[in-house]
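Student: Place chain B on chain A using the hints.
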Amino acid sequence: MMRRPRLDLRDQPLAGGQPLAFGIGLAVALFVGTLLLLSAGHEPLKIYTRMFEASLGDPDAWAVTLNRAVPLGLAGLAVAVAGSMGLWNIGAEGQIMTGAIAASWVARIGGEWPGLILIIAMLIAALGGGGLLALGPAVAKAKLGVNEIITTLMLNEVAIRLAQWLIHGPWKDPDAYNFPLAPMLPEQAHLPTLFSRAHCGILIAAGVIVISSVAVKYTAWGYELRIAGSSEATARYSGISLPHKVLTVLVLSGGIAGLAGGVELTGTADRLTESLSNGFGFAGIIVAALALMRPSGVAVVAVLFGAVQIGGQSIQTLGVSSSVSTILQAFVLFGAIGAGVLSRYRILFEGDTHAVPEEVNK
Amino acid sequence: MRSKIAALLAVCVGLGFALVSCGSDDGVDTKAAFVYVGPVGDAGWTWAHDQGRQYAEEETGVETAYVEAVPEGTADFANHVRDFIDQGFNVIIGTSFGYMDDMVALAEEYPDVVFEHVSGYLMNDTNFGNTFGRMYEPRYLSGMVAGSVTKTGLIGYVAAFPIPEVIRGINAFTLGVQATNPNAQVEVIWTSTWFDPAVEGDSAQAVLDKGADVIAMHQDSAAAGEKAEAAGARWVSYNSDMSAFAPNAFLTAPVWTWGPRYVAIIEAAQDGNYSPSSYWGSMADGIVDLAPIASDVDQSVVDMVMEAKAAIIAGDLHPFTGPLNDQDGNQVLGAGEVMDDGAMLGMMFFVEGVIGSTG
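Protein sequence lines correspond, in order, to chains A and B. Whatever position you read off the first sequence (first residue = 1), add 12 for the numbering used here. Whatever position you read off the second sequence (first residue = 1), add 404 for the numbering used here.
Treat the hints with care, since some could be wrong.
What the hints assert, rightly or not - Simulated crosslink set (DSBU-like; lysine-lysine; CA at most 35 Å straight-line):
#, chain 1, residue 1, chain 2, residue 2
1, A, K184, B, K614
2, A, K155, A, K229
3, A, K257, A, K155
4, B, K614, B, K555
5, A, K58, B, K435
6, B, K555, B, K713
Since the hints were derived computationally from the structure, they do not count as laboratory data.
Chain A extracted, bound-state conformation (with noise of 0.2 Å):
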């Protein structure tokens, strides 16, 4: 009989924790990933040099390191949020593009209003944008329990679509030649430099993720949110109103994931685009997991994926495919940030119990 195996909890990490296991998933990546650049005719060392240089060899290239780390921080952030009340939110991606619309649209109106107030104002709609985007299925997960993993990821092609709709029609530059573009954004709508290329993107990220990972741990709202997480049924007995949590929280996912949205538009597009989400939506899901759904890992993991996806895209312009980086930055990836995972679980088998040592005493 095949026993499943499943993954829990060590009363405590490993000896080493987690820097030890970051450090052996890293090396056995890096084999891994040799193999895998020998037998597509590649020098890895050489590739390898080329990786690190790109994304963490000097301030210029921690400045593209960290303007991608902005987005993928945010949005893993937001599916963290919603993954500490046992939530999925699965519409980050659709939910950065209506975050980038909102913010557009105040672009739209404000094109005469001083910089600072006009970014705030475009930062304020984007948390409006993705919220409004997450509270369709907040309240069908609320009021009637409908899996708000289906409608989450659903309504991503709905986010795209409208985008579309807007830049090749009433929002399309008549500049453009009835090329499908939307108007730039007013000079002062982008975000100051911080250093080299780096735009302030990176406070704002890391100032959401402080004050999320505070309010979830912390405070009383993170405590009931946690409880609701781990026992339905804890909650309720304990008077947490279970239908406002999902409500809150989803749409303050939503939030999040639409602040990304204005972060990048203001940040690093010059206008809205159709492709502006890149994907971060989904990188975000496994920025959270990886992170263990805890919004105070989201920062250092969408670093290092960051760092992981400049520096595996840079490897290109040494002549290799897209395909071969791509792999090559699912291994490091999950080389080096899976390891931390396990450093913290372990494996356990069918019928295994979870033997708890006498020292700890929980």
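Tutor: Just chain B, lined up with the frame of chain A:
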């Protein structure tokens, strides 16, 4: 004596430096980098550009490189271009419309690098130009072939996005169809995709089910052709000769030949006399062409198409010549009038005989 030797040495050293610096003056190697929106294996748009890159590398001996599958409107494009420039590449060719904003900004940031943008409309005065081709010419010819083989009189056109480039292609194709089959109609179905085999295949199937027996298309996959093959219908592919994907269905295709244009850009950059332009090359220039016509098409049709091709190249035939009415019967061009480039570049209406809407 000693001073003479010293002088001689000085001259030699001086000469040596002069030679070395001479060498480095023209010694800035030209290296050309290409950024593609799709994978080079798409057999369509990106594949055709990569054929052009390989051709240019062979012809000029210049080192080339590429990155593929780079999405538009994200930071990825600029990241790749900066990587290339760091490695000494000084000609950057971007082959998708959505790279335009980044190319404008990068061209300003790197004035010593030549930027050429395929399918856009912006340029500057020094180091940034754009390239495209009059694909409507071979589209018209492919329409003539399609019109000659349809029996049901309904031709399906699996179209990408309602933008002037695509609409111009549909109209030119339809006018070609009408040249050989005045009563045939072209039904347009929008996919809102450039490369999504599943959607494009399903869309082709939908028009086949309505009775279309020829399918034309404007995406980068061969999915529409595979559906036509399965249904026993015929197919006009696009971008490249895709006959291998649907050997029985394949009729012909309007195709891109980017190589010579890339050679011209790279050689101009090499000689230091690149000057930006809005290049809209024609069949006479060789940047667009018609793929070989399937062997089972009547020789009389082939002859007629070849005659029309020669007339277009000679400048005697223009697909958009009046009398020309739009879909609703309003006159667009009077008899003998030829549409100007501006009107073609911004075309947002369908000609008579097209079923569907531009929105």
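Student: Each hint: holds or not?
Tutor: Now the hints, each set against the structure:
1. With a C-alpha separation of about 33 Å, the suggested pair K184 (chain A) and K614 (chain B) falls inside the 35 Å cut-off, and the hint holds.
2. Note on K155 (chain A) and K229 (chain A): the hinted pairing holds, with a Cα-Cα distance of about 27 Å set against a maximum of 35 Å.
3. A threshold of 35 Å between alpha carbons decides the hint, and for K257 (chain A) with K155 (chain A) the separation of about 11 Å falls inside it, so the pair holds.
4. Taken as a hint, the K614 (chain B) and K555 (chain B) pair is honoured in the structure, with Cα atoms around 14 Å apart against an allowance of 35 Å.
5. Restraint check for K58 (chain A) and K435 (chain B): satisfied, since their Cα atoms lie roughly 20 Å apart, inside the 35 Å limit.
6. For the suggested pair K555 (chain B) and K713 (chain B), the alpha carbons sit about 24 Å apart, so the restraint of at most 35 Å is met.
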